[in-house]
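Enquirer: Here are the chains, one letter per residue:
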Amino acid sequence: MPEAQAICQEPEVDFTVLDRIIFDDYGGNREAMIMMMQAIQRQYRFLPEPALQYISQAIGIPLTKIYEVATFYASFSLVPKGRHIMHVCTGTACHLKGSGGLVQHVAARMGLDGGGTTPDLKFTLETVNCLGACAVSPVVVLDDRYYPKANVGQLNRLIEQIDTE
Amino acid sequence: MKVILDGKEVDAEAGRTILEVARANGVDIPTLCHVPALEPAAMCRLCTVELVEGRRSRLVTACNFPLRGEVEIKTDTPRLRKGRKVLIELLHTRCPDSVVLKELAERYGADLARFPDDNKDCVVCGLCVRVCERIGANVLALSGRGVEIRVNTSFGRTARHCIGCGACAQICPVEKIRIRDEEAERVVIVCGREAARIPLRPCSSCGKPFGPVIDLSLVMERAGEAQVPAFNLLVCPACSRRSHARRLAERHFEQYDIEPAPGGGAE
Amino acid sequence: MATAPRAAAAPSYAKKFACAGELEQYRQALIERTDPAAPRILVCCGTGCKAVGSLDLLEAMKGAVSAAGAQVRVMPEIKRTGCHGFCSRGPLMSFQPENLFYQRVQPADAEEIVRETILGGKRVQKFLYTPPGSKEPIATVDEIPFFAKQTKLVLKRVGRIDPFDINDALVHGAYKGLVKALTEMTPAQVIEEIKTSRLRGRGGGGFPAGVKWESCAKQPGRHYIICNGDEGDPGAFMDASVMEGDPHAVIEGMAIAAYAIGSDRGFFYVRFEYPLAVQTLTRAIRQAEEMGLIGENVLGTRFTFKVSISTGAGAFVCGESSALMSSLEGKVGRPRPKYIRSTERGFRDSPSNLNNVETYANVPEIILRGGAWYTGIGTERSTGTKVFSLTGNVHNVGLVEVPMGSSLREIVYGIGGGIPNRKELKAVQTGGPSGGCIPIPKKFLDINVGFGRLAEIGSMMGSGGMIVMDENTCMVEVSRYFISFLVGESCGQCAPCREGLTRMKEILTRITRGEGRPGDVELLEEIGTFTNSFSLCGLGTSSANPVLSTIRYFREEYDAHIRDKKCPSGVCKPLFYYEIDPATCTGCGLCRVKCPAKAIAGEKKKPHTIHQDLCIKCMECYKNCKFTSIRIM
Ligand SMILES: Cc1cc2nc3c(=O)[nH]c(=O)nc-3n(C[C@H](O)[C@H](O)[C@H](O)COP(=O)(O)O)c2cc1C
Ligand code: SF4
Ligand code: FES
Ligand code: FES
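Residue numbers (my numbering), protein chains in the order written: chain B, 1 to 165; chain Z, 166 to 432; chain X, 433 to 1065.
Do not take every clue at face value.
To be verified - DEER-style ranges, computed between Cβ atoms:
1. Ala1029(X) with Leu277(Z): 34 to 40 Å
2. Arg83(B) with Gln460(X): 53 to 59 Å
3. Ala540(X) with Arg358(Z): 55 to 61 Å
If you are wondering where the hints come from, they were derived from the structure by calculation, not from laboratory data.
By construction, the Cβ of each residue, glycine as well, lies at the ideal position given by its N, Cα and C atoms.
Whole structure, please, built from the sequences with the hints as guidance.
Expert: Here it is in structure tokens:
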């Protein structure tokens, strides 16, 4: 667990923002907890612990239950994600067209073990199960931009761009 | 209502689970993740039995299948024995030391050497998490999913709001939870990791730490009308016993003019 | 910005319609304002085409048309639509009313298209579609076999309308089914009609929808209507395309279900990987509410139906009905162990009716045309059509809608155009991770695709993913892939699924690495059979299907891996090597140039050789050799 990293990177959690999300957007509705957490993750690019504690108090759900939710769903992260996020599709169509190799390649280049975030928080590599664009597999998405029929050369160029930033 | 249980016709109250009816009739269905006090979670699947309705037969878990009509239940068929055998072999890899699993292995002829030991914490029956939630302390959680699932505390941190009741340690079928009183703290250790730490309350009489310092309102609330005598919150059981004994002695032996033994608590 | 003539001329709908008559009047006015002969250009902006830049193309087309300005006699309307289905040919567009089809169009081509086609009235050859193996380009949608051989019922409006514009949907008949249900039928009659149609759930299980509705309607208390838009099967995108391309069909289907069952509240559960679907649905719900087609007192009746959208957060198991309902309640999405139907006690412990996106999308047509009409399509036991997402090693990748009971041959060859690169078809995988691989050359090419038949041969219909695999697909690796997918996606609560999958993955991984042991196949069968029968939910009880079906039909591949330490398909890297056949190698040198590892040497016009220590088995030479001289050894 890169916990030490999480602590030194802990951003200031703005409780007025949390109030806006929890009460204004979702009316403090417990059933909307997953969506509140998604909104918080959009805000901070991960789920800061104080924010989860705050939700727990605000809507009266034990922290353990929130922690279960945060660790159950694949889209949630308890550690900060990088400024650039690359998603490589590993759905069946993309897999058959070699997306596994792409993941390995990018992970090796960025010194990541199969996925995750670089220590400088610049880059995160994740896999997803089918983005619905199977016709142009393998599909890679970098910072919400699609790269259809991705290949190693193209990914190298993208990584170089990030490296020189 | 009548059901056929392993070939014998028995009485069953509608709404009862297969497990309840079987136990009432002396039929032993193995379970790991079930205690009668908690709502069944059917996670271990060890209690799987065959249910025959008309011409259809299917597998259901006995611990939570409510009987609603006249059916036939088979609790010990070759298919079930075979499944249970594999299940025990698989679970054993996680907990090679478990006594309960060894006994079950014996009963179902499981070959414990078939899969290599993984030593992965526990069998994830979820009982401790459920009992902790039921008590109202909410210290333990089932975090992660898939193979990563495990018993955990929030953020894997040592919890401070545990009430040290020990229910989790009591309920664990594979004995993976230990409770240890150190100096002035009680420590809960789940699968070898420290899960909670609660300061212990010093006895106002002898000064030795005894019960956990907790928010008693929770206990009071659970205990309902019957209030916990304030005295018991301050004095350790040993001193409490001693002081009781002395008061008794004073009352009974005074007439014989015998000196009570020296020592004991302050008045 | 280009002008959007009809939108400007459209009558406003500032207020809700007070009755069905008002809606029909409005619809009539819209239709009259629409000149069927007016030129329209439909630019596909479904997820597939969007990924290859169709939004830029849309803007470029609008720009180019308005730049041409006064030169254009009749300003064409340029519409953003959902998926046309032919995703592998994107970005693409069609010209109405003549139905001309342009494919592989880049934003830079917009000007040329405006000049040649719109102003000049000419067809630009290079944008026309040419079927594989033919030299004759085909101009119109109706002539292209990919489209011509389909039967579009669910997809009838997908790709033809602008999903963000309810007027467009209304012109094309949206909410007619709801009007009919509300004004001419009782709830019981609606249920009867659905039962007559023998519509079966399209989410995988194939449960009769009418029976489900009826049993839900019978329950006391507040009822909920839920739409399963989780579409977790990797490699499947049918539901996404329907939600993105024709959201009103789904909303209308849900509203009809709500009326039939007696519910006033509906939910969409959409996976978060589908942001576009969430956008189109959000807009569609708002527009329908503004018009009073859903919401309080729909069309002035006593029927009230509110709809909202919840998104998932990344969990395949949340497609399972009880897990979905937990997730909808904001909780962890673990399937519930209770032996009780969700039509009795589901979401919020109340009677809830859950159906798949495509199931709901079928409903309006059934109500309009009658259940009996519907049974005329498809087969006796599987009525209607089914949408498949056809992917993998097939020429035409995309969305395909065919009557139930169509043969695999028809789908893969007739519509799909066959296998590219002169490869042999090896298997078709249906049903996603819960399904199985159907071996083709042996006997099953003419199998009729329907619920029963697929299950008989060890696969399942699933939600409609259909993945075509050619000879270079290793079936052991495919089964390892699915098991490893499930290992990550199992919720982990019950022991057979969690432990069984872990072991199966371990064994399959060692087989694909060449470390398989005798008896491994039997062990897989034993664990698989156990997991399939002892697990708690549908994920676990079908999880071994990929393994069991590949063992059943491709046992020899397992044996080759384990006994001979060979991967005959050339996929598992430690188990094969490439060799150049000196007899057929012409020494053209292409492979030498293509090899990224510089492992190939040879003189011009002499047979080349591969240096095995340098080869990284990337397949470049194998893919590129024109003389099939590269052999997998
Ligand atoms: C593990 C698992 C995943 C599922 N995923 C989906 C899904 O993504 N979409 C879907 O519509 N149904 C899915 N289902 C089926 C649903 O549980 C349910 O049967 C279906 O949504 C009912 O709708 P229908 O009767 O209209 O098919 C899944 C089932 C299981 C067991
Ligand atoms: S079968 Fe798998 S996914 Fe289903 S409840 Fe059990 S562990 Fe969870
Ligand atoms: S499998 Fe990658 S987009 Fe579908
Ligand atoms: S006791 Fe029934 S599943 Fe565990």
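Enquirer: Hints first: check each against the structure and report whether it holds.
Expert: A quick look at each hint next to the structure:
no., hint, verdict
1, Ala1029(X) with Leu277(Z): 34 to 40 Å, "47 Å, violated"
2, Arg83(B) with Gln460(X): 53 to 59 Å, "54 Å, holds"
3, Ala540(X) with Arg358(Z): 55 to 61 Å, "60 Å, holds"
In this structure, only the earlier hint numbered 1 is contradicted, and the remaining ones agree with it.
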